[in-house]
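Enquirer: Sequence:
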Amino acid sequence: MSMPSEYQEIKIVREPPLVWIILNRPEKLNALSLRMLDELSSALKELSTDKNIRVVLIKGNPEGRSFSAGMDISMFVNLKPLDALHISKRLQEVINELEMFPKPVIAVIDGYALGGGFELALGCDFRIASNRAELGLPEIKLGLMPGGGGTQRLPRIVGEAKAKEIIMFGERLKSEDALRSGLVNWVVPPEKLDEEAKNIAQKLAEAPPIAIMTIKNVIRLTRHGLIEEGQAFETMSFASLFATKDAAEGVSAFLSKRKPSFIGE
Numbered sequence: 000m001s002m003p004s005e006y007q008e009i010k011i012v013r014e015p016p017l018v019w020i021i022l023n024r025p026e027k028l029n030a031l032s033l034r035m036l037d038e039l040s041s042a043l044k045e046l047s048t049d050k051n052i053r054v055v056l057i058k059g060n061p062e063g064r065s066f067s068a069g070m071d072i073s074m075f076v077n078l079k080p081l082d083a084l085h086i087s088k089r090l091q092e093v094i095n096e097l098e099m100f101p102k103p104v105i106a107v108i109d110g111y112a113l114g115g116g117f118e119l120a121l122g123c124d125f126r127i128a129s130n131r132a133e134l135g136l137p138e139i140k141l142g143l144m145p146g147g148g149g150t151q152r153l154p155r156i157v158g159e160a161k162a163k164e165i166i167m168f169g170e171r172l173k174s175e176d177a178l179r180s181g182l183v184n185w186v187v188p189p190e191k192l193d194e195e196a197k198n199i200a201q202k203l204a205e206a207p208p209i210a211i212m213t214i215k216n217v218i219r220l221t222r223h224g225l226i227e228e229g230q231a232f233e234t235m236s237f238a239s240l241f242a243t244k245d246a247a248e249g250v251s252a253f254l255s256k257r258k259p260s261f262i263g264e
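Take 0 as the starting number for the sequence shown in numbering that gives the first Met the number 0 and just add one per residue.
Keep in mind that the hints were calculated from the coordinates and are not lab data. Zero decoy hints are in this set.
Here are the computed lysine to any residue pairs in the SDA-like style, where the Cα-Cα straight-line distance is at most 20 angstroms:
(1) LYS10 x GLU62
(2) LYS10 x SER40
(3) LYS215 x LEU225
(4) LYS202 x SER260
(5) LYS244 x ALA206
Please take these sequences and the hints and turn them into a complete structure.
Expert: In structure tokens:
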């Protein structure tokens, strides 16, 4: 599947079954713009139906020294509340698309992941960071607050008290602190970041795609309900997977003591 040629603020690098989406505004520390968000949304729609792609990795252009420093602050000069509402909604929409993407998404963080850039990473399934990465939601220092879902996703990861600390003080977290808080899954040296991210992605790519998608959906759709409701949905989802060829292959491979080959059917 070909990607649109008009992308200017992201790059797509295909390494089937993996694909890299590179946030590409290095002169602005890979800051997010409305155009970048639109391009990211378009790329996700294309990749969601590409059977050759099983895992998406998102990183910043390394020349920008950042995953993303957040929304481009130059947009905030003399910004009217209605325009701010539009920006916030668009950022939330795209991050929601990331969260609902049917395949695993890994944020590969080097340098800064701040504000909207950090919120973008929070919408991914996994986060791997270099040991020089810095993460945070510093909007309070501008007299503002997060607008891309940070007040919603962050407490669900680190708890309400820790989320208030991160948001209200607006201080940057070192990657090791983020690891201890559960904000990132892995921390590695910068020179090993892409390699380790690809190794993790490759393991996910070898998993059964339908089961992966189902797991994502069950966790996302049941996080607010009663445990009994979640268990009922889990039971139905578990049973539905027995209708897939991948489940038959997985059981057969286990009994035959061989490595399974999942085809996503």
